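2 protein chains.
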Amino acid sequence: MLDLCLVGTGGMLPLPSRFLTSLYIKCQGHALLIDCGEGTQIALRKAGCSFKSIDLICITHFHADHISGIAGLLLSMGNADRTEPVTIAGPNGLCRILSGLMVIAPELPFEVYVRETGHIDTPISLGAMKIQNFPLEHRIPCQGYTIEVPRAGQFLLEKAQSLHIPMQLWSHLQKGETVSAAGKQFTPEMVLGPARKGLKVTYATDTRPVDAIAEYGRESDILILEGMYGEEEKLEKAEERTHMIFSEAARLAEQAAAKELWLTHFSPSIADPFEYKTAVQKIFPNTVIGEDGMKKSLKFVL
Amino acid sequence: MLDLCLVGTGGMLPLPSRFLTSLYIKCQGHALLIDCGEGTQIALRKAGCSFKSIDLICITHFHADHISGIAGLLLSMGNADRTEPVTIAGPNGLCRILSGLMVIAPELPFEVYVRETGHIDTPISLGAMKIQNFPLEHRIPCQGYTIEVPRAGQFLLEKAQSLHIPMQLWSHLQKGETVSAAGKQFTPEMVLGPARKGLKVTYATDTRPVDAIAEYGRESDILILEGMYGEEEKLEKAEERTHMIFSEAARLAEQAAAKELWLTHFSPSIADPFEYKTAVQKIFPNTVIGEDGMKKSLKFVL
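For the protein sequence lines, the chains are X and F, in the order given.
Once you know that position 14 of the first sequence is 14 in our numbering, the rest is easy, because the numbers rise by one and skip nothing.
In short: position in the second sequence from 1, add 1000, done, that's our numbering.
Possibly wrong hints are sitting among the right ones.
Computed footprint of chain X on chain F, listed as stretches where at least three residues anywhere in the stretch have a Cβ under 8 Å from a Cβ of chain X [said to hold, decoys possible]:
(1) 1009-1018
(2) 1185-1197
(3) 1250-1262
Taking lysine-lysine pairs in the BS3-like style, the calculated list, with each CA pair at most 30 Å apart, reads [said to hold, decoys possible]:
(4) Lys-1130/F - Lys-46/X
(5) Lys-237/X - Lys-1046/F
(6) Lys-1130/F - Lys-1259/F
Distance ranges between label pairs, derived from CB positions [to be verified]:
(7) Pro-268/X - Gly-1127/F: 28 to 36 Å
(8) Ser-1017/F - Lys-159/X: 39 to 47 Å
(9) Leu-1157/F - Pro-16/X: 26 to 34 Å
FYI, nobody ran anything at the bench for these hints, they're computed from the structure.
Source: prediction; values computed, not measured.
C-beta: ideal position from N, C-alpha, C; glycine also.
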């Protein structure tokens, strides 16, 4: 099970009615946060997301609205008596940015590991989740993330029995571990069917609509994209500022064959993003207009 | 006239129901902000305080809850098309702290002047306001501020007439300027009575109750002090963490002969600071329990 919370839905600057865009994902006790602008710790608290359990914070890029809340969040995690290490991942340059921002958090009761991800890095593992970064197109280096929970194939009872594998080893094989018994080695492949569809969430904000989003976001259960402006007439402005308008995000969702599209990162100039709902759903029917604190749980389909 | 807004009233960390402690003061088109923690820009917007007009930001000390919102606020002031310079004042070390925090705001459409104030510096002038820092007692260097609007003495018509000062020069003398006419020099002292009581606001948070507060805060119209804890039993904890409890602040207000005491900087452990109102008013009757966005206008008494 993957529990998602769209913590905030604003872009550029935080408003009394709209916190900055951020995503919280929890899976088997491990939590991941994507982006942490000013006020994200307030929004997390309001949404009832435990920030003490955040093991990994992924940063998309270094514009203030995506990272300015990081020192405050880490301090509050410390005040909540967290002692386990926290990893912060983000584009190259992250160490330098954090050295600056962390000047007001010189002492924390836990270790902070910094992982600068290159152009396309190897996935980060967090419990059952695999997190893969991919490049976006913004004024400054920016990256999106896919979060996947892979699912092993079905356990084939007959095969296990025919190979005479002791029953107490079955659960290990189901978990993907290789086991030995009576001098013989058994691998998961011997007793598992083909891998089944797992869970997949893709997150990309602050970008023009590049193919990498459809490629990495392919068949996502939820594709979370920015909708900086609602009006078609703002396309030029979006291009100039390297952002996306609602309809561009909707076309990407279609291209990626995503199950559901969540729009977020609304410009402060958008008073009510729901105004554009009907128009955007004509392009991609399963579009959801994001709201602060919106939650969903994803489960494996039987 | 001095317009005050207690922007937030929280201490340590921002809560959905309580922004971090900060004070906004406006006088004749110039605005001053004391402290800027995470979310202060949201609280300013909520309270309807124009942050575009902030000319001076005074920082009490470098704990995150007092300064972590500064880069975001400056960026938002830039987005609001401010082009006039902004001065940031605070304890020694301010340059180093700002170099860190401003790493996410490398380009602003206005100049930022940094003023590191020594132990006790000369007052900063901002329009009609004089801002004086004074030392507090906290775990790290911390300072309070008095904001005064001095008021010249009454204009003595008979004196001006007997000195044969041309009438068109009277307003200059009233403003405190020295003027010349027919080869003679006239100073304000020649035509003004003794200086009258001006306006005075004193602000001190994150401190033990030191004499300097009563001394610098003497006869303040409003004395704004921290009330980190309400219960008397938390005195030891307050001492240990170099904070004040409500009753200590009330005794300081009495010692300073302040007109009114505003309490702020409540610990997140205080669900409702009004619980302690009756008890604290027994010590100092004119105690006001601070609330986010609380406003007051001070005028010269005729």
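Verification of the hints:
Judged by the Cβ-Cβ criterion of 8 Å, the stretch 1009-1018 of chain F is covered by chain X as claimed, because 5 of its residues qualify and three suffice. Counting residues of the stretch 1185-1197 of chain F whose CB lies closer than 8 Å to any CB of chain X gives 0, which falls below the minimum of 3, so the coverage claim is violated. Counting residues of the stretch 1250-1262 of chain F whose beta carbon lies closer than 8 Å to any beta carbon of chain X gives 0, which falls short of the minimum of three for the stated coverage. Simply put, Lys-1130/F and Lys-46/X have alpha-carbon atoms about 40 Å apart, too far for the 30 Å limit, and the pair is violated.
Using a Cα cut-off of 30 Å, the hinted pair Lys-237/X and Lys-1046/F holds, with the two alpha carbons roughly 28 Å apart. Taken as a hint, the Lys-1130/F and Lys-1259/F pair is honoured in the structure, with Cα atoms around 19 Å apart against an allowance of 30 Å. Hint check: Pro-268/X to Gly-1127/F, Cβ distance near 30 Å, so the stated range 28 to 36 Å holds. A C-beta distance of roughly 58 Å is found between Ser-1017/F and Lys-159/X, which places it outside the suggested range of 39 to 47 Å.
Between Leu-1157/F and Pro-16/X the C-beta distance comes to about 51 Å, which lies outside the given range of 26 to 34 Å.
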